[in-house]
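Protein chains: 2
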Amino acid sequence: MKAVVLLSGGIDSSTTLALALRQGFNACALSVDYGQRHRQELEAAKRIARSLGASLHRIVSLDLRAFGASALTADLPVPKGRDAALMSSEIPSTYVPARNTILLSLALAWAEVLESGDVFIGANAVDYSGYPDCRPEYLEQFERLANLATKAGVEKRVCYRIHAPLLRSTKAEIIRIGTEAGVDFSLTRSCYDPSPQGLACGACDACILRRRGFEGAGIPDPTRYA
Amino acid sequence: MKAVVLLSGGIDSSTTLALALRQGFNACALSVDYGQRHRQELEAAKRIARSLGASLHRIVSLDLRAFGASALTADLPVPKGRDAALMSSEIPSTYVPARNTILLSLALAWAEVLESGDVFIGANAVDYSGYPDCRPEYLEQFERLANLATKAGVEKRVCYRIHAPLLRSTKAEIIRIGTEAGVDFSLTRSCYDPSPQGLACGACDACILRRRGFEGAGIPDPTRYA
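The listed protein sequences derive, respectively, from chains A and B.
So for the first sequence, the working numbering puts the first residue at 1; every next one is plus one.
So for the second sequence, the working numbering puts the first residue at 1; every next one is plus one.
Hint data in this document are derived by calculation from the structure and do not stem from the laboratory.
Because the structure is a prediction, the values reported are computed rather than measured.
Treat each hint with caution, since some may be false.
[Claimed, not checked] Pairs of lysine to any residue, SDA-like flavour, derived with a Cα cap of 20 Å: (1) B:151 <-> A:65; (2) B:46 <-> A:63; (3) A:46 <-> B:66; (4) A:151 <-> B:46; (5) A:151 <-> B:137.
Whenever a hint applies, use it, and build me the whole structure from the sequences.
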């Protein structure tokens, strides 16, 4: 059975891909080039899709910079050195408006074409509690929408399901799960502000969460920091 | 107050833009270049946005051809000469998977950036009853999703509303409403398969509905047919 797996090239989506494959799905990985400044993510996604054995990997281009207003797609400074309490209570400027809604709608379109009802997303409600579109109630609502939105759903040929297997896991747990499922984390990229050589900054929210995750998991961190 | 108005360049979305302006909204028109073969739509959208007085018009590029499977984006023949009963009972091959979900998610992203809660779409459940994502229950579900999906919605700074003012109108009614609201329909394009010179084929579903709409409205059809 086919499943569409959203793959950004970071820890969570790579682990999600490994879990979809382990559940026996014929995993079709989908990455979106939405003008992110960390384009090394897309290169990481390609390496991970190949290394884990996704049966297809498609990259869809969508230029969100037309809308402005996010550090990930515009030329605003990436916040550095924030503490965990702030990270989890405040929606950061790296928030991309409606990002998961856009990503899930693209995944849904491809799933419909593939006649698959299963969409996997590495959404996480623990470390990213500040992102509204990472919450369980949001994902449940999208699942209901998917079944109303599509020819296959309306004709009851397919029942759409949004799988977010890491929704309630901490970063340390995800790193343990991913390691057991065969993810080579040296291939993944998390940094919001990497050097041109691909070295992680070590100070943005994503680097801080990643580093603490490896520490918490008791697994050596393969990341090359600047 | 700002509103995002999805504008394809056809009769329904042009009339919707005119209605949003007439309701006093500062209308920000959004067109999506999703690899449609009738690119003349986008040129029509530009002319209409200018002619009606949209305060902004943005075109976002998204290449859906990566997913295949639709006559509007791939190289399949466009169905011609279908009768009305068939048109309204069968989902046509011109169906674009998850199209309105993708369009609404992009509109939502821009609305969030603009700090607007109002999104207008020219969805119609009468002539396009075969499209699942043109039904009232689908649009209500998207509205619920929008309020869960976004920073502004969650923080209750904005209450999102999806406006589909033409949802229950016939094509003839839409043409009358649009004419009263000042739409110059000679600027709009509906044909799924226009000639390189921009002449409408007269035989695809969109041309048939358009022609009958003008007949039903008792308004001269300004379309140039091949």
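- Task: Would you list, in rising numerical order, the hints stated earlier that this structure does not obey?
- Result: 4
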